[in-house]
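Peer 1: Spelled out, the chains give:
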Amino acid sequence: MTITSLPLSNALGWGLKRKLIVSMLLVGVVPLLLGLGMAFLQGSKEIQVVSGESFQALATEAARKLDLLVSEEVARTSRIAIHPDIVRELEHRRDLLQAPENTSARMSLAQQRARWEARDPAAVKAINENPTALLLQGFYAGSQNVPDQLLPQVVRAATKKLFVTDVQGNLFAALSAKPKFVHADSLWWKGTFNKGVGQLFIEDLHFDDDANTYVFSISLPIMDSLRYEVVGVLHRVIDAKEFFSPATHPIRFGKTGHVMLIDSRGIVLSCPILPTGVRLSDPSLIPHVTVRQPGWVTADSDGHGGQGTAIIGFAPLPETSRATNGTLEKGAWHTFVWQSSDELFAPIRHLMFWMGILALLALGLLATLGYLAASRIVTPVRRLQEAARLIGRGELREPIQIHTGDELEELAVEFNRMHAQLEAAFAGLNTQVEEKTQEVEYLQKSTDQVLDAVTTPIIMIDQQGRIQYMNRASREVLDTKESDWSARPLFDLLQIDHGHREALQRDLRLVEQGAPKESSLFDRERGPKEARDPLAPTLSHTSPSSRHELLIGTHLYHYEWFPLESRSGAGKRFGLVLRDTTDESRLQDQLIQAEKSGSLNVLTAGIGHELNNPLFGILGLGEAIQEEGDLARAKGYAQDIVGHGRKMAAIIRDFTGVAARESKNQRVPVDVTAQLEQALAIVQTSHDCLGLNVQKHYVTLPPVTALPDQLRLAFINILTNAIQAMRGRGDLWLSTEEQGGVITIKIRDNGPGIPKQHLGKVFDPFFTTKGQGEGSGLGLTVAQRLIKKFGGEIRLESPEKQGTTCVITLPADKAGVRKEEPCIPS
Amino acid sequence: MYSILAIFRAWPLWLALVLACASTYSLQAKDVAPPAGISPEKVADYVHAVLDADRTIYTNQVVNRMQAKGIVSAAEHWEQENALPLPAQFLQHSGKLVAEAGRGIRYRLISLWPVYQRNAPATDLERRALESFAQTPDRPFTGIVTSGRKQYFQAVYSDRAISAACVKCHNSHPLSPKRDFALNDVMGGMTITIPLD
Chain A
1 MTITSLPLSN
11 ALGWGLKRKL
21 IVSMLLVGVV
31 PLLLGLGMAF
41 LQGSKEIQVV
51 SGESFQALAT
61 EAARKLDLLV
71 SEEVARTSRI
81 AIHPDIVREL
91 EHRRDLLQAP
101 ENTSARMSLA
111 QQRARWEARD
121 PAAVKAINEN
131 PTALLLQGFY
141 AGSQNVPDQL
151 LPQVVRAATK
161 KLFVTDVQGN
171 LFAALSAKPK
181 FVHADSLWWK
191 GTFNKGVGQL
201 FIEDLHFDDD
211 ANTYVFSISL
221 PIMDSLRYEV
231 VGVLHRVIDA
241 KEFFSPATHP
251 IRFGKTGHVM
261 LIDSRGIVLS
271 CPILPTGVRL
281 SDPSLIPHVT
291 VRQPGWVTAD
301 SDGHGGQGTA
311 IIGFAPLPET
321 SRATNGTLEK
331 GAWHTFVWQS
341 SDELFAPIRH
351 LMFWMGILAL
361 LALGLLATLG
371 YLAASRIVTP
381 VRRLQEAARL
391 IGRGELREPI
401 QIHTGDELEE
411 LAVEFNRMHA
421 QLEAAFAGLN
431 TQVEEKTQEV
441 EYLQKSTDQV
451 LDAVTTPIIM
461 IDQQGRIQYM
471 NRASREVLDT
481 KESDWSARPL
491 FDLLQIDHGH
501 REALQRDLRL
511 VEQGAPKESS
521 LFDRERGPKE
531 ARDPLAPTLS
541 HTSPSSRHEL
551 LIGTHLYHYE
561 WFPLESRSGA
571 GKRFGLVLRD
581 TTDESRLQDQ
591 LIQAEKSGSL
601 NVLTAGIGHE
611 LNNPLFGILG
621 LGEAIQEEGD
631 LARAKGYAQD
641 IVGHGRKMAA
651 IIRDFTGVAA
661 RESKNQRVPV
671 DVTAQLEQAL
681 AIVQTSHDCL
691 GLNVQKHYVT
701 LPPVTALPDQ
711 LRLAFINILT
721 NAIQAMRGRG
731 DLWLSTEEQG
741 GVITIKIRDN
751 GPGIPKQHLG
761 KVFDPFFTTK
771 GQGEGSGLGL
781 TVAQRLIKKF
791 GGEIRLESPE
801 KQGTTCVITL
811 PADKAGVRKE
821 EPCIPS
Chain B
1001 MYSILAIFRA
1011 WPLWLALVLA
1021 CASTYSLQAK
1031 DVAPPAGISP
1041 EKVADYVHAV
1051 LDADRTIYTN
1061 QVVNRMQAKG
1071 IVSAAEHWEQ
1081 ENALPLPAQF
1091 LQHSGKLVAE
1101 AGRGIRYRLI
1111 SLWPVYQRNA
1121 PATDLERRAL
1131 ESFAQTPDRP
1141 FTGIVTSGRK
1151 QYFQAVYSDR
1161 AISAACVKCH
1171 NSHPLSPKRD
1181 FALNDVMGGM
1191 TITIPLD
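If you read the protein sequences in the order shown, they are chains A and B. With the working numbering, letter number 99 in the first sequence gets 99, and the count goes up by one each step, no holes. With the working numbering, letter number 168 in the second sequence gets 1168, and the count goes up by one each step, no holes.
Extracted from the complex, chain A is given alone in its bound form (with noise of 0.2 Å):
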């Protein structure tokens, strides 16, 4: 096998091979990448509801948790609030304060606030170290507690601020001397105090300046012992990072993900990240997370100063956010669940990288395994393909070998058969076209052999004017040897003068273009017949150029261009035939000679017949002057002679009229009628006519257009031959008609006809029934010519013995004016 060998430009090689392997790298590699885009947006998007689901699950555990922390704070708080010495202590208070005689406890109100704000040690002591103060010291210690109860210690730590009021909001009783004296105005108070009512109030997260920490205040009311109305208020500042950092702080997952409370302004109460007191960094973030609801949200940043997608899982705490600020209306705390996205999509990142690493590895893997199956493929289908080359040039010797056991051995099998079938097929083929090369040459040698006897010299050239074939007579004319004419320009070899080159190159020219041969053999009837014409005048001559003849040495040759057939593919061939006209126009030339002086004979004798009648006469005459003595009767002759002079005269002058050269080669409207009779006239001067009834059907005729003489010569001639016929005696009928524009013209006479053998041959030239002398045989040759070339026809009937019926026609000169003709006489 010879695959190597195979040219690279052989598209079927290389580009089945190459298309197998793209074929199958493209059918893994299109869901391979799908797959994996498909994977790769499908894992992001589950990671994405997973994590958020489970944030938001985190979320609202971490709320119930802080709800539940918040609430326990407040349970215990509460317990300081209903405690009955309190209760009782802030009732009296309360009697004190609202006792409408009392203004002596208002009075005394006044100067415990004054002092307090003085820092009177004794007001100081007053507050903080009253029974309900000490109640509250004990609560905040643990003493006032059961056992199970106790205040935790980070709740301890945390509380920064714990004091009551009375019902005015005055300060009632405090642990330290920080707290304000009067707080009636403060917010806190009376959203606790509540117009009486009372209601757990939790501050929103402020930064405290006595505590110098952000804090949050847990206020209760201090109701009267039937809870029936409000008697004080128990407020309690928390530092709130102290106080919820044990809860959120150890919620931590991964690196980054954690648990923080917000409230609803979006201000961290506690984050392990972020510190306490600052607003979420992207604030577009705040109303998405802040929502009554548990939820989570796929968000452009993380709130953390962190941009890219982040996932967050939040929850309201719903306890505690009842009472924030009084109501919920005016805002809840959150938990707000976070993992930085790196962190979170690490996964599917991961995943990604090794699937990539993987995707490759089985595209290098499809690539082989593409590349071994595509050369199991392609290689049986080359030897195919070669040895359908080898059958293509019938150099195969061997059966092709292919045992892939499938199509393509099927396929070889096939193609053993195909050969073998062409095989026997091409041997049928070889002995045929042996046979029918054969018989081509044959052909060809004989087309030879005829061309060669054929005396008409014949050149065949092709498109570029090259010469492919010459025959004996053209190398003779030429003066070639064979090796000399072949593939050689026509025109090289032509000894001729440029006039004529430039004819045969333009009459080639027009045949090229398939021009029609009509104008040549338009030229070779125009040519003798005018030659012919004895009375016409000397017309100048027609170029040789256009008469297609050629001059080579001393011959005259016409010469003809035809196309020849051609094969499918190659240029155009074309045929020149010479004919040797030398004999033939010298010939011609006698015949006008001969033509010219019968006629003259003619002519010459009818004038002396037609002269010598009055010149017999005036001799006559004058003799029988000579003798007669009267001179009366000499006058009489001598009137006579004058008589007859006059009318040799009128002769003279009509024959110089026949004979006058043709002044003009102008053809002009031509009156029929007027020359038919000068015809006529003329005919019977010249012959004898003593028994010749001459009967004429005349009809007013437009004119013809035509040379007169010509047209007379024409008429004379028929006329001529019909009186001839009659021997001078008997019946001549002469008639014209016009019919639709035609002219046609009757010469009848009632000789004894034609004899059928001969009609058909009464206007070939030479032809004649008389004796030698009497006629040239060009008569009626002569006439049909002038006819025809004055666009009419001419026929002779003749049924037998019963005369002639000559039948001119001619064309009528539809747009021509009758006016006279100038040739006729007088």
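Treat the hints as calculated values from the structure; they're not laboratory data. Treat the numbers as computed from the prediction; the structure is a model and nothing was measured. Just so you know, not all the hints are guaranteed correct.
From chain B, some residues computed to sit far from chain A (all C-beta separations above 12 Å) [what the hints assert, rightly or not]:
no. : residue
1   : Gln1061
2   : Asn1064
3   : Arg1065
4   : Ser1132
5   : Gly1148
6   : Arg1149
7   : Tyr1152
8   : Leu1183
Chain B regions said to be covered by chain A (calculated; three or more residues, Cβ under 8 Å) [stated by the list, open to error]:
no. : stretch
9   : 1049 to 1058
10  : 1108 to 1119
11  : 1155 to 1169
A short, non-exhaustive set of chain B residues, derived as facing chain A with CB atoms under 10 Å [what the hints assert, rightly or not]:
no. : residue
12  : Ser1073
13  : Glu1076
14  : Thr1123
15  : Glu1126
16  : Gln1135
17  : Asp1138
18  : Pro1174
19  : Leu1175
20  : Ser1176
21  : Thr1191
Note that CB positions come from ideal geometry on N, CA and C, so glycine has one too.
Since the structure of chain A is already known, use the hints to place chain B on it.
Peer 2: Quick look at chain B alone, frame taken from chain A:
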């Protein structure tokens, strides 16, 4: 009866302020006070009847029907969860509204097993009343209570678990101290407090 007589003897002026028809109970009081007036027991009775009816309508016609049709359910954190307030919350919130309106009369739900400590009995009377419901759940417990110098009439009516929602919530709430309530059990009482000065 003792408590009613006590009120009448001590606060004849208050009776004059009460607009009501004469009743057979007031025969004894006629010699010390004008016959026109209405006893605080009656006022408390009226108020309790109205409150009870309102809450029953709310429970049966609103909450139960909505839950049965699956449209919306009642939940403690109804604000967050886009739900209906629990019937107990309905009463508590209306009580808060009434109190905030400043009309004097107040009512609230109390229990010996409160979910939130603020709903525990505040007074001795309330405690005794709740304890008395174990024997006489259908009789209201009334009496005069004082806060400092102020005196109030209090009537405590037993309150039953009127729907499954009540039982379910109290038995499952993390802060609930008692978790074995059954439908129609006395879960606590409704205290109606009317100031007497």
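Peer 1: Please check whether the stretch 1049 to 1058 of chain B has three or more residues whose CB lies within less than 8 Å of a CB on chain A.
Peer 2: As far as the stretch 1049 to 1058 of chain B goes, the hint is violated, because 0 residues have Cβ atoms under 8 Å from chain A.
Peer 1: Between the stretch 1108 to 1119 of chain B and chain A, see if three or more residues pass the 8 Å beta-carbon test, and mark the coverage as holds or violated.
Peer 2: Holds, because 4 residues of the stretch 1108 to 1119 of chain B bring their Cβ atoms closer than 8 Å to Cβ atoms of chain A.
Peer 1: Say whether it holds or is violated: B:Arg1065 keeps its Cβ farther than 12 Å from all Cβ of chain A.
Peer 2: holds, 24 Å
Peer 1: Say whether it holds or is violated: B:Gln1061 keeps its Cβ farther than 12 Å from all Cβ of chain A.
Peer 2: holds, 26 Å
Peer 1: Per the CB criterion, is B:Asp1138 less than 10 Å away from chain A?
Peer 2: With a closest approach of 24 Å, the B:Asp1138 hint is violated.
Peer 1: Could you check if B:Gln1135 really has its C-beta closer than 10 Å to a C-beta on chain A?
Peer 2: violated, 24 Å
Peer 1: Any Cβ of chain A at or closer than 12 Å to B:Tyr1152, or is the non-interface label fine?
Peer 2: Not fine: 6 Å to the nearest Cβ puts B:Tyr1152 too close to chain A.
Peer 1: Checking the smallest CB distance to chain A, is B:Ser1132 really beyond 12 Å?
Peer 2: holds, 18 Å
Peer 1: Beyond 12 Å from every chain A Cβ: check whether that's true for B:Leu1183.
Peer 2: At roughly 26 Å from the nearest Cβ of chain A, B:Leu1183 sits farther out than 12 Å, so the non-interface label holds.
Peer 1: Have a go at the B:Leu1175 hint: is there a Cβ in chain A nearer than 10 Å to its own Cβ?
Peer 2: Holds, about 7 Å.
Peer 1: Is the shortest C-beta separation between B:Thr1123 and chain A less than 10 Å?
Peer 2: holds, 5 Å
Peer 1: Interface hint check: B:Ser1073, Cβ to nearest Cβ on chain A, cutoff 10 Å. Holds or violated?
Peer 2: violated, 14 Å
Of the numbered hints stated above, those contradicted by the structure are hints 5, 6, 7, 9, 11, 12, 16, 17 and 20, listed in ascending order.
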